[in-house]
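Here the structure of chain A is known, so what remains is to put chain B in place on it, guided by the hints.
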Amino acid sequence: MKTFRIGGVHPAENKLSSGESIKPAGLPKVAVFPMGQHIGAPATPIVKKGDKVKVGTKIADAGGFVSAPIYSSVSGTVLKVDTVIDASGYAKPAVYITVEGDEWESSIDRSPDLVHIDKVYELEAKDIIEKIKEAGIVGMGGACFPTHVKLSPPPGSHPTCVIINAVECEPYLTSDHRLMLEHPDEILEGVALLMKAVNVNQAYIGIESNKPDAIQLMSDKAKVYHKFANIEVVPLKVKYPQGGEKQLIDAVIRRQVPAPPALPVSVGAIIQNVGTAYAVYEAVMKNKPLFERIVTVTGKSLSHPSNLLVRMGTPMQQLIDECGGLPEDTGKIIGGGPMMGKALLNTDVPICKGSSGVLIMNDKESKRSSVQPCIRCAKCVSACPMGLEPFLLSKLAEAENWERSEQEDVTSCIECGSCQFTCPSHRPLLDLIRQGKSTVMGIIRARHAK
Amino acid sequence: MNKLTVSLSPHVHSGDSVSKNMYGVLIALVPALLCSFVYFGLGAILVTLVSVASCVLCEWAINKYMLKRTDTSVTDGSAILTGVLLAFNLPSNLPLWIVVIGAVFAIGVVKMTFGGLGCNLFNPALAGRAFLLISFPVQMTTWPKPMMGFFNLDAETGATPLALMKQVIKGGDQAAQAASELGNTDFLSMLTGNTGGCMGEVCELALLIGFFYMLYKKIITWHIPVSILATVFVFAGLLHIAKPEYPAPWLDLVSGGLMLGAIFMATDYVTSPMSKKGQLVYGIAIGFLTVVIRTWGAYPEGMSFAILIMNAFVPLINNYFKPKRFGEVVKK
Chain A
1 MKTFRIGGVH PAENKLSSGE SIKPAGLPKV AVFPMGQHIG APATPIVKKG DKVKVGTKIA
61 DAGGFVSAPI YSSVSGTVLK VDTVIDASGY AKPAVYITVE GDEWESSIDR SPDLVHIDKV
121 YELEAKDIIE KIKEAGIVGM GGACFPTHVK LSPPPGSHPT CVIINAVECE PYLTSDHRLM
181 LEHPDEILEG VALLMKAVNV NQAYIGIESN KPDAIQLMSD KAKVYHKFAN IEVVPLKVKY
241 PQGGEKQLID AVIRRQVPAP PALPVSVGAI IQNVGTAYAV YEAVMKNKPL FERIVTVTGK
301 SLSHPSNLLV RMGTPMQQLI DECGGLPEDT GKIIGGGPMM GKALLNTDVP ICKGSSGVLI
361 MNDKESKRSS VQPCIRCAKC VSACPMGLEP FLLSKLAEAE NWERSEQEDV TSCIECGSCQ
421 FTCPSHRPLL DLIRQGKSTV MGIIRARHAK
Chain B
1 MNKLTVSLSP HVHSGDSVSK NMYGVLIALV PALLCSFVYF GLGAILVTLV SVASCVLCEW
61 AINKYMLKRT DTSVTDGSAI LTGVLLAFNL PSNLPLWIVV IGAVFAIGVV KMTFGGLGCN
121 LFNPALAGRA FLLISFPVQM TTWPKPMMGF FNLDAETGAT PLALMKQVIK GGDQAAQAAS
181 ELGNTDFLSM LTGNTGGCMG EVCELALLIG FFYMLYKKII TWHIPVSILA TVFVFAGLLH
241 IAKPEYPAPW LDLVSGGLML GAIFMATDYV TSPMSKKGQL VYGIAIGFLT VVIRTWGAYP
301 EGMSFAILIM NAFVPLINNY FKPKRFGEVV KK
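Protein chains in written order, with this note's numbering: chain A, 1 to 450; chain B, 1 to 332.
A hint or two may mislead.
Unchecked claim - Straight-line distance between alpha carbons at most 30 Å, and here's what the computed DSBU-like set of lysine-lysine pairs gives:
no., chain 1, residue 1, chain 2, residue 2
1, A, 15, B, 20
2, B, 322, A, 2
3, B, 68, A, 342
4, A, 300, B, 3
5, A, 52, A, 92
Because the hints were derived from the structure by calculation, they are not lab data.
Because the structure is a prediction, the values reported are computed rather than measured.
So that you can see chain A by itself, here it is in the shape it has in the complex (with noise of 0.2 Å):
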């Protein structure tokens, strides 16, 4: 079976809630909206206090190419423009609105019926991608790119495949398992979507084999859509990070995209995440825009792990309440996975269009074990899935050596975690790399400014 060449390392699983249809949650009293939600320039708003809304109006502008619109996920009265702490623990600039009823724009086709894509084969590639960039969509993975822009390469390059991400490899995540389970069809429709944006022939969607059921629903159904779209579902062996961009590229079509800032598509890959390919069937078919998704609410102290169909902007405690309410030992929160995703500051923090998973740790799971010296054993080489050394780049940062940092490739991290998950010294490894990372970014960024 497939997986990528380089590292990686294998946390366990805790997929504690694969099990779980997915559930629409309560509507929430007050939506937050931040403008922040994607990587970019943050959405300008276009309501102001008092403005009515209803589930689908625009409240905010993309705020330039490389931004998104957002749409209220709720009907209801504008409450205020304030600001929200949001997933980076960050105060941001937020809409919030009062939500009252549940009136949807008549524009959003709500019929369950699936809309195949020869019904709509005079759709061109720009329209296509104009219809996502106008619905908001972003990468739903967590990384929150928004896809027009990934649907857009820059002028030479030459895509020859798209390839889903329906790895999932973060312990405890199952929205994506789910979502594939339930939606097979639109997830399909949405993927030839994509083919079509891109004007490629070819789609692989990679799966970890930890979710076999998918695996043989995705291909059953792939090859009834066969002379629709040529889409190949690639099973692949369980490793982490290999939802990671390039981690994927290179288990599924065996290629490695050099170094930063080479993009995916210099190797003639469009990555896009399944949740991703669910959301531009929903904008293009069903006139949907993006404000809601489904989000995984788990932990081992939990007493209910769900998926939900959350609205965007319902804050995370409503959640929690719905999934049996927070556990008397709860030491940590954390919006996405335990490899990558973020501690939370407090639980009000409002569902956003990144928001994979709402992850509850208890007291013991929350503390770091104390730090005892390098033993040089050479476990972080071994892992990293980008080749780096994290002993070295970690006591580089250590001693603010940032023109050696940069010759050791510090810039080619992608911060999945796994040297530090390894580290049986319990070294802070990717917290040191990280502050060389973007200190490095910033001497290179000053450079290129002269």
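Coordinates of chain B only, in the frame set by chain A:
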């Protein structure tokens, strides 16, 4: 609600620890340790106990009284490991006060002077052995014969197979006698350890069991041991073909400290290279140097010096042999 912990990712850990690795190596040493007790009796037990106790005590005392560290780190198992490995490199009839000197040199000078765990350039146990070999050449090369009775501390002594091989190579009066004596030592008894030598190195079979245990537990990878053994086999084989009085390569593999060195000494985390490429280079160089010293050097045994010499090259190897970066792989 409790106060929430806020820290950077990753939020989970493999559960691996320094002591797990150290005790893992110690478990891998158990078969060889038991063999040494069986072959060399009470002497081996005493040497081991004294060596371990002096290593641990020395590390603890330096941490506490000289470095004034609150965490004296002896529980991580690394000092115990050094103690056992040092004992493995000594003859079982060595006077115990010499064992203590070796342990103090290994821990006090070679390890703690550089800052303790993770900082030393040379393998402490091997440096301790080299120090004793140079300081007490007679005691360090008087080998008791195995299986001479458990409580027999003044057992009959004899030459090691390697020393006999050296005699044969040198030629002269004693060559013929050495050759006939060597003829009595067959491959099988060398493999199982029924020969003279340092207490931990004689039973290659037990060492191999430890090797497979460490591979299984992912404490070490195959790169260093296999590259050393393969290099020795090939190089010694070529010499044997060129000049039949040089020992056969399979005898080289099971004699002296080769297995012990390749499996437990050269793979020491702290003093071996970080990248797989570097580890292969390191292993090949050790194998090559070992055969060179065994064949043409002053000492019959070359393993410990080969490893110590290559320890000094590790920083250089780390600089020149980087892991293959992502994206450098040749496109297929």
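task: Determine which of the earlier numbered hints do not hold for this structure and return their numbers in increasing order.
output: Number 3 - this is the single hint that the structure violates.
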